[in-house]
Amino acid sequence: MKVVLKHLTKIFPSRNKKDKNAEVIAVNDFNLEIPDGKLIGLLGPSGCGKSTTLFMISGLQEPSGGQIFFGDDDVTNLAPENRGIGLVFQNYALYPHMTVQQNILFPLQNLKGENRLSKEEMLTRASEVAKLVQIDEYMDRKPAELSGGQQQRVAIARALVKMPRVLLLDEPLSNLDARLRLQTREEIRRIQRNTGITTIFVTHDQEEAMSISDFIVVMKLGVIMQTGKPQWVYDDPANLFVAKFLGAPPINMFTGRVEGGKLYIGDENVYDVGDIEDQEVYVGIRPEGFILSPEGRLSCTLTGVDVMGRDISVVSTNANSRNPAVRSIISADEMKNITGDTVRFNLKEHKLLLFNKETEERVYFGGQVAAHEEILAKMEAEGQAYVKHEGPLPREADDKPKEAVVIEDKSFIGKTKRFFGDVKDFFAGIGEKFSKKKKPADGAEETAEDESSPAPADSAEEGEDKAE
Amino acid sequence: MTKTAERPRPLKEKKNKNKWNSKNQWKGWLYLLPALVLLAVFTLWPIINTIRISFMVTADGSGYSYALDMRHVPFHFGFDNYAKVAAYGDFLNCLKNTLLLTVITVPISTMLALLIAVGLNSIKFLKKIFQTIFFLPYVTNSIAIGMVFMAMFTMIGVTPGMEPESIGIINKIIEAFGGQRIDWVNQQSSEAANMFVLCTYIVWNALPFKILVLLGGLQNVDKQYYDAAKVDGASRWRVFWRVTVPLLSPMIAYVVITGFIGGFKEYSSVVGIFGDSMGPITHDYRWDTMVGFIVRNIDLYQGRASAAAIILFLIIFAVTMVNMYVSKKRVHY
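Quick note, the sequences are listed as chains F and P, same order. The opening position of the first sequence corresponds to residue 960 in my numbering, with each subsequent residue numbered one higher. The opening position of the second sequence corresponds to residue 177 in my numbering, with each subsequent residue numbered one higher.
In isolation and in its complexed conformation, chain F is listed as follows:
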């Protein structure tokens, strides 16, 4: 069943009704066409609206605007039970008092009228589904007697048993341990292939999404940042966010500029990018995009070499790097080129990604233009339009700085501690004021220091206010 989302929007009203600005736009003008029988991954950091999108498709949450189509049916205003969906919850939500079989039978027993099956049919259907997900040996157990992976499969069986038109999975693997996660994601892939049901699953783990999805939808702040086959999105990210979000180890980011067809990182001309406008750019280089060479044009200071399994990665630093360390994966042959403290790299064209500093969107150059167009053509051919959000994309520069989370101890002891802390700050503030007054007499050097650090005194005063 083809699923089409048109201008889907979800706005959560603010708690404080007077403050209109505090409302949260969880999903913002979401346009997507999901072809029949595909497995797609909604991928994004937490809070990007991917689960909200899923719940709107399921009908558990009402969209604030836009439409949802299953095939040609508009299901926007349909109740969840009438949409023909199967939903697997993050923590499975298996009924603890029912056996595996009863859990799987539950959706069938709810069917009414013509759709209602006879008892035998129900049992056959349940055992068929149980075989499909390979839990048929555990039909008489209660969920608590199963492992996490088995519970997961029961949840999938329960979702599949009424033969849904669309299967929705909300973070299906996040409650499993690493090994089981690998195994279960293959399992999900297999089940999806066998049934051919259009499947949408939500994850924040890029590796998970990349490994099993037919295509992925990368989201940020309720906006689609890019869609496409995992490999295409990885090779050809459309903006800074997607480039940084996909890939492990993550992409190396530098600040640089393009001047007269030459790309500069710091003072070094690291690549000739040809005929593009002069601009300030972020330079992204995938770890596998470095060639270690004595004549390399990008020089970094070596800090170490990590050998992890079959990968050799050279860790170095560069003054213009936006990451604390530059990580490059190289082949064993290139190791001999490391001499002294400075490592020099040449860059591979298709692993060198430029992003305009202002818009944070991709700047294609040289051979990348043709490669990008080729990918667009391929997507067209596969019936998957390259979705571009209308309007400006959320930029990294606009991100709110992360507020430090202060967990308040609300117990009596916590309150007492805080109170004494405030009192201490109060006296410390007073003490600092006095010592400040004395200091200028000691000499010019300390006066300078005094001028440069008025901040602590201010914060001490704030502490004083709190204490009051």
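Calculated directly from the structure, the hints in this document are not laboratory data. On a predicted model such as this, the values are computed, not experimentally measured, just so you know. Don't be surprised by glycine CBs; every beta carbon is placed ideally from N, CA and C. Do not rely on the hints blindly, as some may be mistaken.
Stated by the list, open to error - In silico lysine-lysine, DSS-like type, Cα no more than 27 angstroms apart, as pairs: (1) F:Lys1203 <-> F:Lys997; (2) F:Lys1101 <-> P:Lys505; (3) F:Lys1101 <-> P:Lys406; (4) P:Lys406 <-> F:Lys1078; (5) P:Lys406 <-> F:Lys965.
What the hints assert, rightly or not - Facing chain P, from chain F, some residues (calculated, C-beta under 8 angstroms): (6) Pro1039; (7) Glu1040; (8) Asn1050; (9) Phe1065; (10) Pro1066; (11) Asn1069.
On the provided structure of chain F, position chain P as indicated by the hints.
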């Protein structure tokens, strides 16, 4: 040989460790001492003494009483107290009343509490106010509530020669709707009318605690179960029976068991509504209960009262056992 010689060593060390622990156990007991003394004086000893007294009889077959004890009449072991209690017509009436009230009120109050708890859990508006209203009986003196009930159901004006006149609000309401007034609790009242008032009172009085427990249970139920049920197309009724009730079953079992125990100890409700006479004035002791029987006998016939108390205990024990057995089979996870 050397092997066997070496083996006991760790065991020995373990033993020493235990000894070291037991040496320090006196501290634990010391901390428990105040509670233990109070328990021993006010709970343990009365229990033992009750059992003792219930088996004490004189040579001529009358049971234990302080009066006899003061005159140093010798007592010996015997079942006469129990025999007397069982033969007593009043006692059987008490037993019948208690059983009847319990069996009627516990299921009704549990079901009502469940419905109210589910209702309260699903509303947001005015939730706190409703919670307070339903909780009111819990913090109010039960005798006082009983008297209010009596005032509500009463019908006064039966002075000879005068037309009876309704003053209780219930009868006024009935009359306002054109019905015939009913003698609920006065001289001419029927057993059924009395029963209705009593049960209403007991159910209403039992609700708050049950609502509280069930509401607490409901708030702990993961919302995702309901989302899952919604997606699976379960009707509200099915969700209630197949999801809510099973997930609440431990709480329901708890409420039913404590309800039965409380029901067998029913006393203050009858006193509250009918006063000391335990029934309408013309039918004294019509609604006497087990505890009422014990209370009435305790002044003069302590032996009989003790025997009745032990019988009551055994009944409660047996019923609780049955409850536990049933709930073990029916309560999920």
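* Given Phe1065 of chain F as an interface hint, is the shortest Cβ-Cβ distance to chain P below 8 angstroms? -> 6 angstroms, holds
* Given pair status - Lys505 of chain P, Lys1101 of chain F, alpha carbons within 27 angstroms -> 15 angstroms, holds
* When the nearest CB of chain P is found for Pro1039 of chain F, is that gap smaller than 8 angstroms? -> 5 angstroms, holds
* Proposed proximity, Lys965 of chain F with Lys406 of chain P (alpha carbon, max 27 angstroms) -> 24 angstroms, holds
* Does Asn1050 of chain F meet its interface restraint, that is, does its C-beta lie within less than 8 angstroms of any C-beta in chain P? -> Interface hint status for Asn1050 of chain F: holds (7 angstroms vs cutoff 8 angstroms).
* Is it true that the CA of Lys1203 of chain F sits at most 27 angstroms from the CA of Lys997 of chain F? -> 26 angstroms, holds
* chain P contact restraint on Glu1040 of chain F - CB to CB distance below 8 angstroms -> Since the shortest Cβ distance to chain P is 3 angstroms, the answer is holds.
* Asked: Hint check: is the beta carbon of Asn1069 of chain F less than 8 angstroms from a beta carbon of chain P?
  -> Constraint on Asn1069 of chain F satisfied, holds at 4 angstroms.
* Is the Cα-Cα distance between Lys406 of chain P and Lys1078 of chain F 27 angstroms or less? -> OK: Lys406 of chain P and Lys1078 of chain F at ~22 angstroms, within 27 angstroms.
* Asked: Given the hint that Lys1101 of chain F pairs with Lys406 of chain P, does the C-alpha gap stay at or below 27 angstroms?
  -> Given pair Lys1101 of chain F, Lys406 of chain P holds - Cα atoms ~21 angstroms apart, limit 27 angstroms.
* **Status of the hint placing Pro1066 of chain F at chain P (closest C-beta pair under 8 angstroms)** => 4 angstroms, holds
Checked against the numbered hints above, the structure breaks none of them.
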